[in-house]
Each structure stands twice: as C-alpha cells, then as structure tokens.
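I would like the entire structure built from these sequences, with the hints used as guidance.
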Amino acid sequence: MASPIPIRNIYYLLCYAWNKLSEGQIVDVSGVDSTELADLFATVLINGINHTLRRGLDRDYEEHEDELPSIRGRIDVAMSARRMLLSHGKAYCYFDEFTVNTLPNRIIKSTLRSLSNAPGLDKTLRMKLLKLYLDLHDIEDVQLNKFVFRRVQLNSNNRFYRFLLNICELVQSTWLVDEQTGSYKFKDFIRDDRAMARLFEGFILNFYKMELPDCEVKKERISWIASSDTDPELRYLPTMETDISIRNSNRTLIIDAKYYSQTFQSYYDKETIHSSNLYQLMAYLNNIKECGEVGANAEGMLIYPVVDKKLRESYTLQGHKIHICTLDLSRDWKDIRNELLELVE
1 MASPIPIRNI
11 YYLLCYAWNK
21 LSEGQIVDVS
31 GVDSTELADL
41 FATVLINGIN
51 HTLRRGLDRD
61 YEEHEDELPS
71 IRGRIDVAMS
81 ARRMLLSHGK
91 AYCYFDEFTV
101 NTLPNRIIKS
111 TLRSLSNAPG
121 LDKTLRMKLL
131 KLYLDLHDIE
141 DVQLNKFVFR
151 RVQLNSNNRF
161 YRFLLNICEL
171 VQSTWLVDEQ
181 TGSYKFKDFI
191 RDDRAMARLF
201 EGFILNFYKM
211 ELPDCEVKKE
221 RISWIASSDT
231 DPELRYLPTM
241 ETDISIRNSN
251 RTLIIDAKYY
261 SQTFQSYYDK
271 ETIHSSNLYQ
281 LMAYLNNIKE
291 CGEVGANAEG
301 MLIYPVVDKK
311 LRESYTLQGH
321 KIHICTLDLS
331 RDWKDIRNEL
341 LELVE
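At position 307 of the sequence shown the residue is numbered 307 (the working numbering), and the sequence of numbers has no breaks.
Everything labelled a hint here was simulated from the structure, so no lab data went into it.
Mixed in with the good hints, there may be bad ones.
Straight line, CA to CA, 30 Å or less: simulated DSBU-like cross-link-like pairs of lysine-lysine [claimed, not checked]: (1) 219 <-> 128; (2) 219 <-> 123; (3) 218 <-> 146; (4) 128 <-> 146; (5) 218 <-> 258; (6) 321 <-> 218; (7) 123 <-> 146; (8) 321 <-> 209; (9) 20 <-> 146.
Here you go:
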C-alpha cells in the first residue's frame, strides 16, 4: 500500500476486532517506533505480563497423581495394591493442587520463548522476553498449536488473560515452517490481504458497536425477495450477510468494509470501484426493502483503506444513496477515530 499502516494502529485494530479495547489500553505501546510486527507483539506481552505479575499470576486447581508417604486427596486402591505401596506406608493418590502452572500461564510462557526466536526482533526486546521466560520458573512449557488454545477455559474475571492469549494465538498462527531448511520464520500478516481483510472488517464492526451506543450495530442476514416452484425454500440461493448494519429510529446504513492493496480495478486504463463490491451492496439494499420504510430508505457504504487518494463519493442508485469512502489508516489514531465517526454522520 502507498500509505503503510503504523504498527501502533495495527494494535488498535486488533483491540477493536477482538472487542478488547479496555484491556488493550492497559498496555502502553506509545514507545513502539518499529515497523516490525514481532516487536509490537513482544512489547504487548512484556508490558502485559509485567502488569499481570504485579497483580499476581492466576492460579487454579490442577489434578495430579503420585506416590505419597501420606494420604492426600483420593486413594487409588488398585494401583496402591499393585505396587504394594501400603505395606511401605505409602499410597497412590489423586489430588488437586492450587498452582500457577495452569494451561493459560504455560501458553504465555511458551510464547515468550517462541517469540524470542523471531528473526529481526529488537535485541532489547529479545532480552526482556528471555528474562521473563526465566522468571516464570514455576511454570512448565507446552507445545503450542491451535488445539492447545481450544482447551483453555477462563472465567469472566480473566478478560485480560484472554487478551494476552489472543496475542499468543496470533503469534503462534504467524509461525511458518521453511520446507527447505526446516527452520521457522515469522509471517507478517500485514502483507496478507486476506488476513487484513478479516481484521479490517472486524475492526469496523466493533468500532461502531462501541462508539455508537444509541444505534443497533450488527452483522445481519438478509432474506431474498424471491420465490421458486422448483426450490420453494430457496436453498440454492447464496446467503446474504452484511459486514455491518447500523440502525436507529430513522436511518438504516449497510456498510461493506473491503481491504485491498489496490482500491480500484482497471479496465482499458479506466479506474473504477470493484464491480463485485457494488453489485453485492446493491443486492443487500434491494432485498432489504421488505423491512418497511426503514428498509426502503436504506443507504449503503463501501469503505476501503486509502491507497493513493482519498475518496468521498456519493451516488443515488435505484433509489438508494450509496457512499464510497476511504479511511486513512496511516494517520494518528485520534484522526482515524474522528474520520470513522464523520463517515456515518
């Protein structure tokens, strides 16, 4: 993109997309001047874990089993007899231990070690990661993969832990194996249009959910205004689901958030908006008319990140107002926030 997105702004996009803005504000990223995503993740984990250590690491009961010289918890009579432990004054027991060696803490510690190996990581950050790793000496490592994250169970009081684990999972998902050397490399998802498209859409949706408390903001399924003798349930028509629908008492706005490295498509040297985006938006608007007056007067908006020029275009198509806009993600965060609010005003 012509206007690179500052790393600090990527952080805010993530916080909104994960619905973790308040947790994200606990971590200070104002000093991150690097353009490396690994440096951002390292800074967030270092500051976030230090914040957690000041409050105290979460503990939980973990089940253990062992040969013990005294009874603790529940005795496994069969195992004790098979090993002839009782005659030696011992017993094989299952017992719960209140410990910091929980799965979330093990994931966080293992991510510190993994991230410290990222190529190009700032040397000072690498040293801080390794120091934290060594400080967590009562916590075991765990093999990081997508399945281990699914095993995590947190209560509602652990929102900040969930935020840290989101960072850990993102770090794990950006490690790629070099098939030729077998070594690992760090994949920068900022250069992955598909990953950024998901992030951009999630960011816009949750931004308006948080910033427009007087409006209903959601993804919305829209039914086709259609009938069929051969397919009366319309099973073979594609599902229509908006990226963002914003409603209040007198206005409906349907937004499609699209992330491309090139805003325009070219045809015989003529630049136009991607036709499929406009056709999709018009399908939403034309089929939402059955919702009464609010649906009949619904407006549509396409939002793109700025590539080489700022767009603020408005059209009336088939009775609906259509706005085509760009958002400059390279600006200061406060300016981005104000720009997004201005777009829906």
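Verify the proposed pairing of residue 219 with residue 128, using a straight-line Cα cut of 30 Å. 41 Å, violated
Satisfaction of hint between residue 218 and residue 321, Cα-Cα up to 30 Å: Holds: residue 321 and residue 218 sit about 20 Å apart, inside 30 Å.
Pair hint outcome, residue 321 versus residue 209 [Cα-Cα no greater than 30 Å]: 22 Å, holds
Within a Cα-Cα threshold of 30 Å, do residue 219 and residue 123 meet the stated pairing? 43 Å, violated
Pair hint residue 123 and residue 146, alpha-carbon separation not exceeding 30 Å: With Cα atoms ~28 Å apart, residue 123 and residue 146 stay inside 30 Å; holds.
Between residue 218 and residue 146, is the straight-line Cα distance small enough, at 30 Å or below? Satisfied, since the Cα-Cα distance of roughly 28 Å is no more than 30 Å.
Holds or violated: residue 20 and residue 146, Cα atoms, limit 30 Å. This hinted pair holds, its Cα atoms lying about 21 Å apart.
Agreement of residue 128 and residue 146 with the hint, judged by alpha carbon distance not exceeding 30 Å: 26 Å, holds
Pairwise hint evaluation, residue 258 against residue 218, where the allowed Cα distance is 30 Å at most: 17 Å, holds
When held up to the earlier numbered hints, the structure conflicts with 1 and 2 and fits the remainder.
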